[in-house]
Amino acid sequence: MINRSSLFGALAAAVVAFTPALAAEGGDRPHRESWSFAGPFGTYDQAQLQRGFKVFREVCASCHSANFLYFRNLAQPGGPGFSEAQAKVVAGEYQVTDGPNDQGEMYQRPGRLSDHWPAPFPNEQAARVANGGAYPPDFSVLAKARSYYVGFPGFITDAFIQYQEHGVDYIHALLLGYVEPPAGVTVQPGLHYNTYFPGHQIAMPKPISDGQVEYTDGTPQTVDQYSRDVTAFMMWLAEPHLDTRKRMGFQVFIFLIVLSGLLYFTKKKVWKDVAH
Amino acid sequence: MEGHSTYQPKGKVARWFESRLPLVGLAHSSAVAYPTPKNLNYLWTFGAILTFMLVCQIVSGIVLAMHYTAYAPISFARVEHIMRDVNYGWLIRYIHANGASMFFIAVYIHIFRGLYYGSYKAPREVLWILGVVIYLLMMATAFMGYVLPWGQMSYWGATVITNLFSAIPVVGETIVQWLWGGYSVGDPTLNRFFSLHYLLPFMIAGVVGLHIWALHHVGQNNPEGVDVKSVAKDTVPFTPYATIKDMFAMVVFLMFFAWFIFYIPNYLGHSDNYIPANPLATPAHIVPEWYFLPFYAILRSVPDKLGGVLAMFGAIAVLAFLPWLDTSKVRSARYRPMFKQFFWIFLVVAVGLGYLGSKPAEGGYVIASRIFTVYYFVHFLIILPVLGLIERPRPMPASIADAVLARGAKGATASGAKA
Numbered sequence: 047m048i049n050r051s052s053l054f055g056a057l058a059a060a061v062v063a064f065t066p067a068l069a070a071e072g073g074d075r076p077h078r079e080s081w082s083f084a085g086p087f088g089t090y091d092q093a094q095l096q097r098g099f100k101v102f103r104e105v106c107a108s109c110h111s112a113n114f115l116y117f118r119n120l121a122q123p124g125g126p127g128f129s130e131a132q133a134k135v136v137a138g139e140y141q142v143t144d145g146p147n148d149q150g151e152m153y154q155r156p157g158r159l160s161d162h163w164p165a166p167f168p169n170e171q172a173a174r175v176a177n178g179g180a181y182p183p184d185f186s187v188l189a190k191a192r193s194y195y196v197g198f199p200g201f202i203t204d205a206f207i208q209y210q211e212h213g214v215d216y217i218h219a220l221l222l223g224y225v226e227p228p229a230g231v232t233v234q235p236g237l238h239y240n241t242y243f244p245g246h247q248i249a250m251p252k253p254i255s256d257g258q259v260e261y262t263d264g265t266p267q268t269v270d271q272y273s274r275d276v277t278a279f280m281m282w283l284a285e286p287h288l289d290t291r292k293r294m295g296f297q298v299f300i301f302l303i304v305l306s307g308l309l310y311f312t313k314k315k316v317w318k319d320v321a322h
Numbered sequence: 078m079e080g081h082s083t084y085q086p087k088g089k090v091a092r093w094f095e096s097r098l099p100l101v102g103l104a105h106s107s108a109v110a111y112p113t114p115k116n117l118n119y120l121w122t123f124g125a126i127l128t129f130m131l132v133c134q135i136v137s138g139i140v141l142a143m144h145y146t147a148y149a150p151i152s153f154a155r156v157e158h159i160m161r162d163v164n165y166g167w168l169i170r171y172i173h174a175n176g177a178s179m180f181f182i183a184v185y186i187h188i189f190r191g192l193y194y195g196s197y198k199a200p201r202e203v204l205w206i207l208g209v210v211i212y213l214l215m216m217a218t219a220f221m222g223y224v225l226p227w228g229q230m231s232y233w234g235a236t237v238i239t240n241l242f243s244a245i246p247v248v249g250e251t252i253v254q255w256l257w258g259g260y261s262v263g264d265p266t267l268n269r270f271f272s273l274h275y276l277l278p279f280m281i282a283g284v285v286g287l288h289i290w291a292l293h294h295v296g297q298n299n300p301e302g303v304d305v306k307s308v309a310k311d312t313v314p315f316t317p318y319a320t321i322k323d324m325f326a327m328v329v330f331l332m333f334f335a336w337f338i339f340y341i342p343n344y345l346g347h348s349d350n351y352i353p354a355n356p357l358a359t360p361a362h363i364v365p366e367w368y369f370l371p372f373y374a375i376l377r378s379v380p381d382k383l384g385g386v387l388a389m390f391g392a393i394a395v396l397a398f399l400p401w402l403d404t405s406k407v408r409s410a411r412y413r414p415m416f417k418q419f420f421w422i423f424l425v426v427a428v429g430l431g432y433l434g435s436k437p438a439e440g441g442y443v444i445a446s447r448i449f450t451v452y453y454f455v456h457f458l459i460i461l462p463v464l465g466l467i468e469r470p471r472p473m474p475a476s477i478a479d480a481v482l483a484r485g486a487k488g489a490t491a492s493g494a495k496a
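Sequence order for the protein chains is C and U.
If you're matching positions, the first sequence starts at 47 in my numbering and goes up one per residue.
If you're matching positions, the second sequence starts at 78 in my numbering and goes up one per residue.
Source of the hints: derived by calculation from the structure; they are not laboratory data.
Any given hint could be a false lead.
[What the hints assert, rightly or not] Using C-beta positions, here's what the derived DEER-type ranges look like:
hint	chain 1	residue 1	chain 2	residue 2	range
1	U	Gly-391	C	Ile-207	37 to 45 angstroms
2	C	Gly-230	U	Met-332	51 to 59 angstroms
3	U	Ile-289	C	Arg-78	43 to 51 angstroms
Treat the numbers as computed from the prediction; the structure is a model and nothing was measured.
Yeah, the Cβ is synthetic: ideal placement off N, Cα and C, and Gly gets one too.
Chain U with its partners taken away, still in its complex shape (with noise of 0.2 angstroms):
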């Protein structure tokens, strides 16, 4: 979908520098002349608000920077000096910290809208991968600055993430130990995980670039799931349609947002990491934060360590194989009447789990949990495979300006018979 800037530089300078390095013709073909698919609906608003996010994150995350201090003793203390002293440290911090739920919040949106609708199919699976690869990067970013704060959580949580770790067999003890810097979690752990706290959001960055690359390269999906025929007849341009849209989106999604840092900003967190860090104190019940909570019920639901460490790695790389896991040539879940059945089991499997995470491992949770751990893994694994096989798709739109013609026309009857 490139090469369609119609970008002509008007003054002398500009034609000047274009010929040097197209810059703005660059932005002008991604952002302005990029042509987007006229039926696409508000789940298509979430890249644009990830963008945000993660913009919104690392500024936010610079300005906390400059008043942390990574040594063990002195942490804790010194976030309570940004809530406390720093001029509007408070709202820096809930900013960051609910930050990074939005994020994440955000993120789950836009992955199962692309599992919904199929956009992991021919030809976006390095798109799709490329977007695995952003989503592992996050949960490492946002697990290592929930050490940051050095309360209870932090360092406990910190514990049990590194120690997953040891159940590599021969060397699973020193790279623990690497991680560590020592032989347990420590000041030396601290510093690590901030100065990687730092550096990988800008590594996410990068990745996001790829990502947006290879979208503006295949095109975008859409809801029926068909390719774009005629760009004229089928697609409308980024700027202003998709610019808009995605600007409306935006701001309904800050009001979430707000919701949470001005009225109930400890809401998704644990009050336990109010607590200091303390190494001799292990808190009643160890619990992750909420958008790691299904793979961490898949981790436990598994009776043994290293198996329950290759669970619940492999529920996330199994998304990288999705593409060729889903034998069905039909992308959108509108014209695969099974498939729709079998996503929102999946969607509800996958909060269980995250419901499960969050119980003690205990009991029926336990049970509960292995269930909807194996359910997990044979709806990748199994159910995808065979259900392209055996089901019969319904017939498809020939172009997105027929769907939209037709859906135009059954509105038009229905608004004519209410009349």
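Bound conformation, chain C alone (with noise of 0.2 angstroms):
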């Protein structure tokens, strides 16, 4: 007769013994922040979403796109919080390409809010010319497509507690790991070291510093909170309808709960006379 328990035993020494420590797989991890729209409860914080567009706009726009954002975004709900009229505003400050007019020509009018965001450059040449050589990524779904490794059995343990905030993470970590390289490393020409870019070497220089935004309501005017605010900014921008879905998933729960326990019951009922 096998004992099973040494079985399984032998079995996981050989999984750990196969199993190498990674290599530092491209950059540190980075830190978990506490974000608004964590949890089953999270909601975007109104006012870090307005202070996060203002980052985009004065800072990142400038070189990346944001082609799934329409300025109507601005105003509906479970964003940023601005009135149609001030989403009016913003779109109003933008000129965009419309046309061909009856002349069969293209004209220049102020953005409206049925208009997508305007990209810095026209195509992805010329953003790579402008920013030697590198393509700044479009930020609609960018805090959804950067992520870092977790491993086991974190990774396991991240489904129960409701871990997803893997991109946000990483790019607050990004912003802040602008630092000296240490000593013999050498940074290609172009590049910048950062201690959370997997190589360690990123195209992007140093995007902010503290101070650079002015912000009107008193939150201190820092690159961790630059940082923080822009990426809870992109967050919405990548996933716009997060309120809607953590507020349903609720009420699916309470409605779920309450059925199973009816139908436990009459289960139990229907069983009462059945040896089973």
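Relying on the hints, combine the two individually framed chains into one complex.
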């Protein structure tokens, strides 16, 4: 008779023995920040999204596009909470190409709510030329397109604690990760050292410094705060219906819990007189 | 187990219709009167859960197809259009994307339940093989569905998997170009995958029909693995007994599903698939969806390309021969002490292969994958045939009713002793 537990032990030992410690793949592991939109009752912080939008508009948007962002989104529920009039004013501050008109010509006009956020460069090649060969990624879903390695058993516990903030934690850390390269590391020309970037050498120069964007509500004007705010904004940009999703999730759970309770007792009653 | 219908049409119209097409009688005999063993445990509720998941995927998929466009330059944006602008589009897409994973979780539980209780043995061989066919169709459907958002993993996953066919001698290259509709994965590939992704679920539904037909013809297996001796003593009618139990289990499963949809919708996906497909930039690690990982590990564990492909398809094909590879006449692992041990080892190996499939193919991971792959085949090709010959099964109950009575008596003495 074979002893099950000893077999399991042997198998587990085999797995461990053949699993080499993963070489630090790319960058350092970002710190897990506390976000208002994390967890089952998470919602976006309107003031934070407005500050993040300001940082995005004044700093990031000069290189990064956000093609899936429409001016109307700025006034939609669950977002930064601008009024429709405010969103119209923002749109009007940009010139967009429209047409052709009845003369067959393209023309410039002020933006409307139905326009998408104007890209800083007309095409990828123009963006690369202006950025030393690198192509600044589009911001629309970037917060969901970035992640970092968690590994076993962390990735399993993450499912229980509802950790979904890999992207924002990484981007927040990245913006703070510009440091002097360690001795002996040569940074290639045109690249910059960053502790969190995979491979540590990133084309984007340090994008923001303390005091660069003015906050009117007394929030500290530090890189850490800018980074937090703009990352929260990017999360909203990538997942604009998160508030609705989590609120609906709670309602669905209440419904399912009650229903399962009723079904459980009905089942008990039906099976009461049957030995099984 | 057919012919147990006690349905008697009452009204004149119902009698007229029933004598011309006995549709209501068929529904009644399959879903109401159908005798179901009274000792089934909750693992037997996954058939109903899987039926629900198939319907859920088809319904959510049809709605998504109304808003999606299969055209390589815009497909990524169309999916984001669904996520942002379509009313509750985010909900429908998260249901569909996570629903695929739930479908596979349920099917893996269903398959391992069949393995544990020997549900593939006579007279259920055809029923089991139809199940393997459904599983293959599910894999093809899920693979093509993952390509449709046209992200980086969609594109590179499609490239890796379609390239497998190039390992076939002589005609391999031609087959791959035929799959692609060109010389690389591109817009023609996306379009044919969309077409097939819409077709295959209905083929699954068809085979599910056969699967249920075969099930209702031979009757359900049960945890004791003994045949139904007396319908009156061993079984209960499907409705209300199985129906209410299935409904309760389904709602519990829905809670698990809802956790993913509403709270961790991107947990099972790969972040790279939110980067639009780019034929010029290969991702650092190309990983398939989690439900393919064990087979991906088997594929990569063989140093030869054709060998790897054969091993991977062989790992699925071997399931179809299981009814004849397992030589034991005893079905349930409850009465097979040695088989029970090997079942749990096999489960650990299968999950271990899944873990290894998610790791880069280097160093110790490759060695571990090779050991586990060899064990996977040894389990089916050596252990199961030999076990049936050398194992001494434990004494089995004469009938389901006897087993239930014995358990009831044991429970009564236990609670009596406690009192």
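Quiz item: Which hint numbers does the structure go against, in order from smallest to largest?
Solution: none
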